[in-house]
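A.B. asks: Protein chains in written order, with our numbering: chain A, 135 to 459; chain B, 135 to 459; chain C, 135 to 459; chain D, 135 to 459.
Don't read these hints as lab results, they were simulated from the structure.
Treat the hints with caution; some may be incorrect.
Put simply, identical chains are the same to the list, so a pair is met inside one copy or across any two.
[What the hints assert, rightly or not] Cross-link-like lysine-lysine pairs, in silico, BS3-like; alpha carbons within 25 Å at most: (1) 351 - 240; (2) 190 - 168; (3) 245 - 273; (4) 391 - 273; (5) 391 - 240; (6) 190 - 175; (7) 233 - 351; (8) 245 - 190; (9) 233 - 273; (10) 240 - 273; (11) 233 - 245.
Listed below are the residues making up each chain.
Number of protein chains: 4
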Amino acid sequence: MRLGIIGLGRMGGNIARRLVRGGHECVVYDRSEKAVAALAKEGMTPATSLEDMAAKLDGPRIFWVMLPAGAPTEQTVTDLSGIGQAGDVIIDAGNTYYKDDMRRAKMLGEKNMHYIDIGTSGGVWGLERGYCMMIGGPKEQVDLLDPIFDTLAPGYGDIVRTHGRDEPDDRAERGYIHAGPAGAGHFVKMVHNGIEYGMMQAYAEGFDILAQKASDKLPEEERMELFLPDIAEVWRRGSVISSWLLDLTAQALAKDKELSQFSGHVSDSGEGQWTIEAAMEEAVPAHVLTAALYARYRSRMDHTFGEKLLSAMRFGFGGHVEMPQ
Amino acid sequence: MRLGIIGLGRMGGNIARRLVRGGHECVVYDRSEKAVAALAKEGMTPATSLEDMAAKLDGPRIFWVMLPAGAPTEQTVTDLSGIGQAGDVIIDAGNTYYKDDMRRAKMLGEKNMHYIDIGTSGGVWGLERGYCMMIGGPKEQVDLLDPIFDTLAPGYGDIVRTHGRDEPDDRAERGYIHAGPAGAGHFVKMVHNGIEYGMMQAYAEGFDILAQKASDKLPEEERMELFLPDIAEVWRRGSVISSWLLDLTAQALAKDKELSQFSGHVSDSGEGQWTIEAAMEEAVPAHVLTAALYARYRSRMDHTFGEKLLSAMRFGFGGHVEMPQ
Amino acid sequence: MRLGIIGLGRMGGNIARRLVRGGHECVVYDRSEKAVAALAKEGMTPATSLEDMAAKLDGPRIFWVMLPAGAPTEQTVTDLSGIGQAGDVIIDAGNTYYKDDMRRAKMLGEKNMHYIDIGTSGGVWGLERGYCMMIGGPKEQVDLLDPIFDTLAPGYGDIVRTHGRDEPDDRAERGYIHAGPAGAGHFVKMVHNGIEYGMMQAYAEGFDILAQKASDKLPEEERMELFLPDIAEVWRRGSVISSWLLDLTAQALAKDKELSQFSGHVSDSGEGQWTIEAAMEEAVPAHVLTAALYARYRSRMDHTFGEKLLSAMRFGFGGHVEMPQ
Amino acid sequence: MRLGIIGLGRMGGNIARRLVRGGHECVVYDRSEKAVAALAKEGMTPATSLEDMAAKLDGPRIFWVMLPAGAPTEQTVTDLSGIGQAGDVIIDAGNTYYKDDMRRAKMLGEKNMHYIDIGTSGGVWGLERGYCMMIGGPKEQVDLLDPIFDTLAPGYGDIVRTHGRDEPDDRAERGYIHAGPAGAGHFVKMVHNGIEYGMMQAYAEGFDILAQKASDKLPEEERMELFLPDIAEVWRRGSVISSWLLDLTAQALAKDKELSQFSGHVSDSGEGQWTIEAAMEEAVPAHVLTAALYARYRSRMDHTFGEKLLSAMRFGFGGHVEMPQ
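Bound-form chain A, shown alone (with noise of 0.2 Å):
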């Protein structure tokens, strides 16, 4: 299929290698001359406008939009949906917060333009791989795509078959889903990665608490010294645990036990949040995912005013306050 893929940074520019691997025609537009530069050597065609990308496609138009979240993809979309026409269909395969998508297919709708999100795991590793994605967005128009999104997902590869699947739709085990309406991608994405903090906060706290049993807040008999790189390798081997993040805490800690590089400041993107948010607006208790978020935050922190607080009250209770009566 040609579609045209807006925003060549390093997941759009290997998203838009994968199409053309693939068979797929890519018009490809960037702000960056030099990255449509470079595409363009590669053999797609360049554009040096979204105006001079819709007209080197043909109706329905495929717009790719693979840009940061927020303003540059809110701004793309407005733009696009005064320059396509009825039947166009709006991909954004960035990190949008779903009800955003949803805001947006329904202003598309109002110009019989069709949008679709798709919340897209697999980073650097995708070109070579496949990326691993969330669909969203109306029936017709996700078949319509299914030879591109076909392409650029893994395919069954070499993981074992989860027993007792009889779905009729293979997508999922060839690497991507039509999860449902506008905003069922980026929704179940975020859910991922709302898991994704929960897991490494489990792994986080645990190897805390082996690291810890050697610290002298403990008597002297009661401490041992554990070698963690060791025991990330061995919990690897069939045990319940073993994940993609435990692999990934076995290499750092084969690299160093001490973990020396790294200061502890742990950013969180706002997938953490949104899906909070979710839960609350869902009544759903979520006491682990929002924990690990907060860990996050209280990592950023030297101290917080309510620990100050914390101070202050017990201070308070050493005899220069007064009772209540």
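With chain A held as given, fit chains B, C and D onto it using these hints.
C.D. replies: Chains B, C and D in isolation, oriented as in the chain A frame:
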């Protein structure tokens, strides 16, 4: 009544004084001769050792131990178990772990001696206002000692009576209870402290959210400078969250709205941890009490190893690691 | 002063009464003619519509809206924005989300009208004792309305003065504050409720641990039957955790130590959730306030899907699944 | 090597079989004569008692105890401490609390006997695939028993090697480690299980948020029906949260997307609780591991007393109680 007081720190000394003012006789002992001499000057009978104290009391003797929990108390109770006779009563009014009380009561019971544990609240104000006491031990001895408890307790004071109470036993309203068998006094006091941690953390988080409303993490148009001293003050006026801890908060903020004299390293005593252990033994989900305890742990650290591990995993995502096959 | 009161439920009606007793004049309106008639009988001026009320007030007119948050308040404020004139003041004393306040203030500002939001505490006792008020809005109008706030507030009462306060502004001590610009009043009240949830949960968990100490989950020799009504009562006497919520707890337990009339399905209003959203916007770790909210969510469910999934995974361990290769 | 296996349940029986297949000789004992007879038929040497087993082994004898943790293991270790001789080795490969290991090692050390604790993972698949083992005890004896561990362990298998590892000791890569002194094996296994709880709860909450997205608690236009079996499946394909637990989740959902055979009453074994106790001893904030444990507690209850107390306090707000003075 006549009793021995062992440990003449601020608590022990004032308890002795309040008892004497109430018409009781105290034999006093402390490792520090100076502390003993000071109270002797106030008319109490000094003792030079536990044996000397025993000689100066009549059977059944009453020993009130008011020492730091742990080794000092343990040693003294052990010594008294050797010195005392059948019928004697040993009172531990410190912050002992309730399972130690249960063990000691059993050990003393084998010698027909009695053990009473008292969780005491009131601190430096106790001399004037009285001590709130939660008492564990055998009914007969607790009843026997009632004149002592009656003297030490705050009494009715001017606290509004609880609507609907029709218990024939008014001791709770006068500020002390017989909570149950040995250990029950300290168990109830332990849970008290667990709740205290939870309440303190609730205020701490709330005031943090108020304080950070001025933070430049927020878009400029959403920021508000809120004046915390007035907020704490107005909440003291008939709001649902009025409490003595809020009174302390209002005082601390009135003095310095930045709380700049406090660093935010917050200690915890054993009771918080023991409360969580009790919760786990009973399979009671104690999310709030536990989170409050953990916030104190974290306040005392620069960074945890776990936080570094989170960063290491995030670094791993960045493309420098092998994906699972 | 003369003002209009819209919404004559328990809160609105009593506010009107307290104002009239304080020498103010109230024009009153409610959808229910009966409610209007009742207050007219007490000497207030009835209005048959918002327009009628506007006609019966002098400029600048003061409209006090005392309606359920959400649609009813929103509609009334919108209607008043059409009816009112430059200089008029619209007060929302309900439980509105503070971001709605900010939006409305901006909208009214374009018409040179003023918006004031008030977080009100005090409930049914307000008529006699006064209302604790947290006020947001422009200084000029808040100052102008001071006679109204002064009348409604509790005043000094017999609450012990906070040691160390030397603010020239004594409004907080009389029970109301000007918290900041539009939205600040409801923001402060929102955090108040967030703290309230946290404190309530701290007590709930603590009393649970006391109650379950008699549970047969424990070995028989570790069980204790603790008498909760007396424990709550004694903690009211000078303990660190004395509070109005503890007073309520003591009352509830005095009436029925089993609390058997309650099922344990616990509701939450929006403020708890909004507080967490504010915490996340500010990146404040609010473990306790969040856990308290989630405990209420969980209390209203039989089982979560997540719990079933835990069981399913555990079943999976049992040998009926393929291990990863 | 020749060793005795005590306890011939599924774990013990299969360990004996894997050892025999690897060229070792097993003397086997169980309270059940039938279990002994079954293995005798497979060519192992039956023992009729611990004494008989001791007689059928050469010094230094090796006793592998594979019994339920608690009383059965404790009794057997105690009995063996009487039967064994200096130099003998007692192995506890069950789920014992690591402090019990430390105590036993000390007790046996006084008789010049040796104690080894092994945290074992692998369950029913171990016979074919091998057992992942975390071993605590004295270096000399652990080294001596290496042929046994080598046979039982999974070996390299086809798991991708960890990039950057250059440890001369490759035991971790073959599936077992010498974690440290007595207790270290069970300590590491305990933390493993603590992490397992946290990860499981992260998935549980995430899938709950997905499932409840269809809930009628949400406004109709925000609801989405998400097909969980495909979501779990697609996340297995190169996503950050791929893991063995996710594989199990995908299998469970493939079989029944409602998980209707499960009630959601989730058990916990001791390890989760012990992990939290260890965290508290080390003052490590373990929010996520604890919340995961508490979610299981709550899943097994109808309502907590604490929830009733929340309702009672809320009822108290409603106007039927006295305000504080």
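A.B. asks: Is the C-alpha distance from residue 391 to residue 240 at most 25 Å within one copy, between copies, in both cases, or in neither?
C.D. replies: neither (51 Å within a copy, 30 Å between copies)
A.B. asks: Are the CA atoms of residue 233 and residue 245 at most 25 Å apart within a copy, between copies, both, or neither?
C.D. replies: within (19 Å within a copy, 31 Å between copies)
A.B. asks: Measure nothing new, just compare the shortest in-copy and cross-copy C-alpha distances for residue 351 and residue 240 to 25 Å and report within, between, both or neither.
C.D. replies: between (59 Å within a copy, 22 Å between copies)
A.B. asks: Go through the copies and call it for residue 190 and residue 168: within, between, both or neither, with a Cα cutoff of 25 Å.
C.D. replies: Classified as within; 20 Å inside a copy, 70 Å across copies.
A.B. asks: From the Cα coordinates, with 25 Å as the cut-off, is the pair residue 233 and residue 351 best called within, between, both, or neither?
C.D. replies: Between copies only: 17 Å across chains, 48 Å inside a chain, cut-off 25 Å.
A.B. asks: How would you label the pair residue 240, residue 273 (within, between, both, or neither) given a Cα cut-off of 25 Å?
C.D. replies: within (15 Å within a copy, 41 Å between copies)
A.B. asks: Evaluate residue 391 and residue 273 at a C-alpha cut-off of 25 Å and name the case that applies: within, between, both or neither.
C.D. replies: The answer is between: 22 Å across copies meets 25 Å, while 49 Å in one copy does not.
A.B. asks: For residue 245 vs residue 190, is the C-alpha pair at or below 25 Å within one copy, between two copies, both, or neither?
C.D. replies: within (21 Å within a copy, 49 Å between copies)
A.B. asks: Using 25 Å as the alpha carbon limit, work out where residue 245 and residue 273 are close: within a copy, between copies, both or neither.
C.D. replies: For residue 245 and residue 273, the Cα distance is within 25 Å only inside one copy (18 Å; across copies 47 Å).
A.B. asks: When Cα atoms must be at most 25 Å apart, do residue 233 and residue 273 count as within-copy, between-copy, both, or neither?
C.D. replies: Answer is within: at 19 Å inside a copy they meet the 25 Å cutoff, but 36 Å across does not.
A.B. asks: At 25 Å max between alpha carbons, let me know whether residue 190 reaches residue 175 within a copy, between copies, both or neither.
C.D. replies: Classified as within; 17 Å inside a copy, 77 Å across copies.
Violation of the numbered hints given earlier is confined to hint 5; every other hint is satisfied by the structure.
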